[in-house]
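*Asks:* Sequence:
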Amino acid sequence: YKFPGRQKIIVSKKWGFTKLTRQEYVEARANGLVKPDGCYVKYLNTNGPLANHLKELAA
616 YKFPGRQKII VSKKWGFTKL TRQEYVEARA NGLVKPDGCY VKYLNTNGPL
666 ANHLKELAA
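According to my numbering, the sequence shown holds residues 616 to 674 in order.
Hints listed in this document are in silico derivations from the structure and should not be mistaken for laboratory results.
These numbers were taken from a predicted model, which means no experiment stands behind them.
Beta carbons are placed, not taken as given, at the ideal position from N, Cα and C, and that holds for glycine.
Keep in mind that the hints are not guaranteed to be accurate.
Below, in silico cross-link-like pairs of lysine to aspartate or glutamate (DMTMM-like), each with a Cα-Cα straight-line distance of 25 angstroms or less [what the hints assert, rightly or not]:
hint, residue 1, residue 2
1, 634, 652
2, 650, 639
3, 617, 642
4, 629, 652
5, 623, 642
6, 628, 639
7, 628, 642
8, 629, 642
9, 629, 639
10, 623, 671
Quick list of the computed label-pair ranges, beta carbon to beta carbon [stated by the list, open to error]:
hint, residue 1, residue 2, range
11, 631, 666, 44 to 54 angstroms
12, 641, 663, 42 to 52 angstroms
13, 623, 666, 41 to 51 angstroms
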């Protein structure tokens, strides 16, 4: 049988489902290193053609 209420609820200091803390997330977003992507974040890469970065920033 399955009994409701048997799950453990763990409070995390991480931001959403990311590996960043709230302070790290705010700093990374202000510096343009991450972009919100639903419940997760998309890490923006600084390598590659400039046209790819302009598409990411515009979206």
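*Asks:* Taking the hints in turn, state whether each one holds.
*Replies:* Comparing the hints with the structure gives:
With a C-alpha separation of about 14 angstroms, the suggested pair residue 634 and residue 652 falls inside the 25 angstroms cut-off, and the hint holds. A distance of roughly 13 angstroms separates the Cα atoms of residue 650 and residue 639; the hinted pair therefore holds under the 25 angstroms criterion. Between residue 617 and residue 642 the alpha-carbon distance is near 43 angstroms, which puts this suggested pair outside the 25 angstroms criterion. Under the criterion of a C-alpha separation no larger than 25 angstroms, the hint pairing residue 629 with residue 652 is consistent with the structure, at around 16 angstroms.
In summary, the hint linking residue 623 to residue 642 is not supported, as the alpha carbons are separated by about 31 angstroms, beyond the 25 angstroms threshold. Proximity of residue 628 to residue 639 is assessed by CA-CA distance (about 11 angstroms); at most 25 angstroms being required, the pair is judged to hold. Straight-line distance between C-alpha atoms of residue 628 and residue 642 comes to about 15 angstroms, which keeps the hinted pair within the 25 angstroms bound. Our distance criterion of 25 angstroms between C-alpha atoms is met by residue 629 and residue 642, whose separation comes to about 14 angstroms.
Distance restraint check for residue 629 and residue 639: the Cα-Cα separation of roughly 9 angstroms lies within the 25 angstroms cut-off, and the hinted pair is therefore satisfied. For the suggested pair residue 623 and residue 671, the alpha carbons sit about 38 angstroms apart, so the restraint of at most 25 angstroms is broken. Remark: the range hint 44 to 54 angstroms for residue 631 to residue 666 is contradicted by a beta-carbon distance near 30 angstroms. At roughly 26 angstroms, the beta-carbon separation of residue 641 and residue 663 lies outside the given 42 to 52 angstroms, and the hint is violated.
In this structure, residue 623 and residue 666 meet the distance hint of 41 to 51 angstroms, their C-beta atoms being roughly 47 angstroms apart.
This entry does not satisfy hints 3, 5, 10, 11 and 12, going by the numbered hints stated previously.
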